[in-house]
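Residue numbers (our numbering), protein chains in the order written: chain F, 7 to 748; chain Z, 7 to 748.
Since the hints were made in silico from the structure, they are not lab data.
Among these hints, one or two may not hold up.
If chains are identical, the list can't say which one is meant, so a pair holds when it fits in one copy or spans any two.
As the list claims (entries may be wrong) - DSS-like cross-link-like pairs, simulated, lysine-lysine; straight-line CA separation at most 30 Å: (1) K499 / K453; (2) K699 / K719; (3) K453 / K289; (4) K200 / K84; (5) K320 / K699; (6) K639 / K84; (7) K726 / K320.
Because the structure is a prediction, the values reported are computed rather than measured.
There are 2 protein chains.
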Amino acid sequence: MKKHILAGAFSVCAFGGLTSCATSTVDDNNLEPVVSSFDIQTLGYVDPFIGTGGHGHTFPGAVVPFGMVQLSPDNPSKGWDWTSGYNYSDNQLLGFSHTHLSGTGVGDLLDVLVMPFRGEYNQRADNDLGRIVSEYSHENESASPGFYQVSLPDEQVEAELTATERSGVHRYTFSGHDDAKVLIDLGYAQNFDKSVATFMRVLDDHTLVGYRISTGWSDFQPTYFIAQFNQPFSYQFYREGEPQAGPFINTEKSEVVLNFGDIANQPLVAKVALSYVSIDGAKQNLAAEVPHFDFDNIKQKAQQLWAVQLAKFKVTDNDEQAKRKFYTALYHSFLAPQTFNDIDGSYFGADGSAHNSQEFKRYSLFSLWDTFRALHPLLTISNGERVNDMVSSMMAFYDETGLLPSWDLMANETDVMIGYHAVPVIVDAYFKGLTKVAPEQLFQALKASAMQERFGIDLFAKYGYVPSDLEVEAVSKTLEYAFDDWAIARLAKALNKEKDYQYFSQRAQSFKTLFDKQTGFMRGKTKTGDWVQNFSPTHVDHRTTDYTEANAWQYTWFVPHDVNGLMALFGGEAPFLEKLDTLFSTDSFMEGDVSPDISGLIGQYAHGNEPVHHVPYMYSLTSQKWKGEQRIKEIRDTMYRDDPDGLSGNDDVGQMSAWYVFSALGFYPLNPADGQYVLGTPQFEQVDIQLPKNKTFTVKSVLSGETSDGYVKQATLNGKPVNMNTISHNDVMQGGELVFTF
Amino acid sequence: MKKHILAGAFSVCAFGGLTSCATSTVDDNNLEPVVSSFDIQTLGYVDPFIGTGGHGHTFPGAVVPFGMVQLSPDNPSKGWDWTSGYNYSDNQLLGFSHTHLSGTGVGDLLDVLVMPFRGEYNQRADNDLGRIVSEYSHENESASPGFYQVSLPDEQVEAELTATERSGVHRYTFSGHDDAKVLIDLGYAQNFDKSVATFMRVLDDHTLVGYRISTGWSDFQPTYFIAQFNQPFSYQFYREGEPQAGPFINTEKSEVVLNFGDIANQPLVAKVALSYVSIDGAKQNLAAEVPHFDFDNIKQKAQQLWAVQLAKFKVTDNDEQAKRKFYTALYHSFLAPQTFNDIDGSYFGADGSAHNSQEFKRYSLFSLWDTFRALHPLLTISNGERVNDMVSSMMAFYDETGLLPSWDLMANETDVMIGYHAVPVIVDAYFKGLTKVAPEQLFQALKASAMQERFGIDLFAKYGYVPSDLEVEAVSKTLEYAFDDWAIARLAKALNKEKDYQYFSQRAQSFKTLFDKQTGFMRGKTKTGDWVQNFSPTHVDHRTTDYTEANAWQYTWFVPHDVNGLMALFGGEAPFLEKLDTLFSTDSFMEGDVSPDISGLIGQYAHGNEPVHHVPYMYSLTSQKWKGEQRIKEIRDTMYRDDPDGLSGNDDVGQMSAWYVFSALGFYPLNPADGQYVLGTPQFEQVDIQLPKNKTFTVKSVLSGETSDGYVKQATLNGKPVNMNTISHNDVMQGGELVFTF
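Between the sequences and the hints, there should be enough to build the whole structure, so can you do that?
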């Protein structure tokens, strides 16, 4: 382990900016961060339970920033609100599995379920689920960054979990009996995931290795592991409850019961490393990351890694509740994309094969339809050194499949959402100087996305919009393709590709074709150019209409690259503002089959889903920016609560949280690919954003007098009034002071 | 490509014997054999259709010796007699897939189905199977080693197939239309195999790559491929018949239709390389093995590789039919174990992970319950240089799982048959000097097999036999475990492990415990030592009785390591011979649920299955060896026919064929782990066995006069009478002359 001597409290290299860390990829295992007590205290503001209730779909378990392992409890329920394995409404546990999705609308992962228990396995699992089910209470449960703890009275065990980047570490303290057992269940799955082949092998009386090959949302997901215990065990394999002898088991679904006998009050520590490549990879990961059984040491390191991340945003304010919401949002913003490669650089590619690269760290879990909006821009400020790896990961995906990822789940393209939103992420990274990939290579990959012959992309190119009679979700696709094309055009221009620039710039204007002046909405057209009939702006239906998880009210605003152009379609600022006001003030009633994704309603504005996330900031570019501030504050207050049921919709792999982070800071990437941030209204008295090269960008709120109406009177950047209510990424990264005067 | 200058007609290194080739593994791609016209003519004696009818379960397609690829036609039927994908009774084809099992009783593989066709895919596949079905006639079908050809009149295409070690090469000559298409179907599966994830990607208009992950008999089988064509194509992906756009497809089942349009009379050549590790591996394999599109060149090389193998046994005789049977049996003996690693040494291990070794060539498909008997001993004579790689492959399997393979299908333990018969194969290799693995390592692996706590092996150790009330197939297991233990004891003695020698020698005598003097049969005992009641020596039932795919008549003889001991149980040679005579002469009626495996009956002798294969040679160790000769000739004549329905039972990955090869030569490894061959009766006037170091072992039949009764009067080895009717492996390998006088 290398010990970095950190400048001040932190390593320069820990904060982003390729220039300072150009030659190495980020490996948190090589960092031994030194953090101040202030930073450690910041951890106390993170409540991992926020979002675990309602539709938030977050998980409360132990994880390090962007870690491969999310070691977290799993409830028996398989309902929609359990896609993360856990919902706060539950009080039964099946155990602790090692991989979890944060905030998704579809379930998968939950690999390698581990459950401490007592009694006879088959008796305990003799229920409808065929699994051991154990009661717990939130009163005896706690979680903080890198740590989770629960008491399982049925088992008389105290369970504690922590994690490194690629390993989960369990500490089980059994008491009052001499029957300490641990179940490892590879057949456990949820949603439409299922194991298709599993393997386990006992290497010695402390060590087990294995794999779980599953298919589901992720079509082909191999997960390899090693589990090592600090106490010796005897063991019994099972094949769906049927005992199987042998030093190994190789079947569709398998379990093993490890019997530790009488170890009362001696903590049983298990360290479990994963690899998506091989058992040898898991072994190497474990050896590098957890060379001992010192649970507290691992826990402390996990906390330090989180402290480093959170300390990048130093909040000075007395609003404790807002700080909990803010730091928890930061925490949820730094869970994914997940580390996907082994410590030796090996990774499982989208071609189903192992590869190795020392050049970059492979990430997976790109929920791009969600995260291109605010999460990836947030990472360009806070974790710039990871952006290169993420871009390189997407480019490797392109090398493996011929396309950039759209929704990459463990190196499988799920194609679950629309758009080619790797494009804005890559373009943004390029212009912010955060990728080392040659721009010509980037451009070819972007162009391949835009020239696909599926999902109506070819129709879009042919007709100038996606015809509704030829393709579902035609309006949403037209609008999102147009935005992505704007980003391609931006890069084309920079690379002096005039023809491409013209071509994609033209496609970027396609939104105009679908604006129906009569109704004032983006509305579908058939291939003959006629408006789709029976139009209702409040109508929704899942995956059958012209709009993706939304209606015309929600999608009409999706022109982040040309707000002026959109205003002009409405006939100018006044009618535009009138419509925008109505969006928030109109009745929330929607007819049709309303997906639970469409939540967090203010009028027809639905903050619980992504298409509208930029909309409140459109006010910022008008003469009535105070209306935006009002809505931003309303959304911050009502859609984000300091409570398990605190998120108004799926956190969607951090996008909901990233919106909050930006909106609390006081600015937002309305167009996430133009390097600009539009001002909103800051939540705190002061936030100091720690930046590479020892720079700091400070956001301050000051009162001009005692008569403040709560709206921003003026914003100054380094003492000068902010132009056009917009600051640039460069403004932020150079360091300085943004002062909002109320 | 290295060109070996071969001594005489053949490379010394091509024949076996570690001493001559100690530093390299065998890679047929590096050989450019020079063969004589005589050797090429020998190919004409191989009829790959033998065994494709009835229950033989062989396939007629193109393959090189021990090749990874078996490119062969697949019929629509899924019956038991189609486990190889093909049965001669059929007249419809689905296409040509790249992997096939030869002679097994369970189906799997059939990866990457390719079908040339014309017309609209969906129309053509609009039938119950959902697949294109094309008629063919045996009149327009032919096969020879390394080559298969069939006309498909429905498609107006002439299809020709050939193969390298890791590639299949197709040549399709379309005529009379301008609609040349090729389907590649990754969802195609048979038996309980099924694809769980597939991927295809078009790299350019000549090239496609992909994978097929399947589960079935083999729990987890990834197969990667690259397909490259000599003509450009346009393409359409399908997901179970539903068109899918995109440069790639990633789903449970997928197909692609490649459209070549008007290429009438220009041969379409496709070269398809496999890898069990990665797409990159398949690419490397293709580049190394088929760097061009010269079908005839590849075909010629395949023929040369076969000529080299067949020329190891140079038959001089006028019985053309017997020569066809003999050379076809040799051909079927050299199909497996299959090459399993990539050209760069990478292989998929039994731990589900990729590994790499330059030290040995990895083989898979070890049907050991069948092949330990005669196939592996045959390889020690004919392909000694491969034996080290096979032992190393089994040892790698041991490293990966903790156990040697029992029935290894694509690096998955199927546990489909009983016994730990890697043991005799390894012990035999050790004593014949054909493995470089340290004997201590070998011994630990053998011992792990014998000390398992499953399949009654632990009961066997505890009770001295497998109690019938505690374990199924208890008699068969007791007998086979005892034999395997004898082999372990042999190695223990050589390694001066006196305690182990005593222990396993004692277990080797366990057969005595189950001999029921009253009935004269091996008979089950309960754990209390009582005979199992309701005993009938003719009773069979699949996997529920004391006998494995057999009855007491068939299993009573399984004491290959102590024939004298078995005789003594009967009370001496006379009653032993009386019983042996009765075995062949008694009624063939069996009561119970008779498995089709129990075929090839002479009395209760069932040559179509393996347990009795050594039995005719037991006569050779008595004073009535002529009775054995009579039965051997009867079996050679009636159980092996020069006909598609020519095998009396499953070829079982070459074991049935290897029996024939030995039995035609005139000797057989009654005990396949003692380095001895018991004499039978030779089929031919003369066979010259080409051996390493330019040695030749000649077997001659001579008549002592015109009054021969057809029985062997005398056998001499290098002019001296053969002692005990047995010759040693060393006798053979030193070269010399074995003369049978009739």
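Okay, the hints, checked on the actual structure:
When the C-alpha separation of K499 and K453 is checked against a cutoff of 30 Å, the pair qualifies only within one copy, where the shortest distance is 13 Å, while the shortest distance between copies is 71 Å. Taking the closest pair of Cα atoms, K699 and K719 never come within 30 Å of each other, the shortest separation being 32 Å inside a single copy and 98 Å across copies. In this assembly of identical chains, the alpha carbons of K453 and K289 lie at most 30 Å apart only when taken from different copies (26 Å versus 40 Å within one copy). Proximity of K200 to K84 under the C-alpha cut-off of 30 Å is found in both arrangements, the shortest distances being 13 Å within a copy and 26 Å between copies.
Taking CA atoms no more than 30 Å apart as the test, K320 paired with K699 passes inside one copy only; the shortest distance there is 17 Å, against 80 Å between copies. In this assembly of identical chains, K639 and K84 lie within 30 Å of each other by CA distance neither inside one copy nor across copies; the values are 35 Å within and 66 Å between. In this homomeric assembly, K726 and K320 come within 30 Å of each other (Cα to Cα) only inside a single copy, at 24 Å, whereas the closest approach across copies is 98 Å.
The structure fails to meet hints 2, 6 from the earlier list, while all remaining hints are met.
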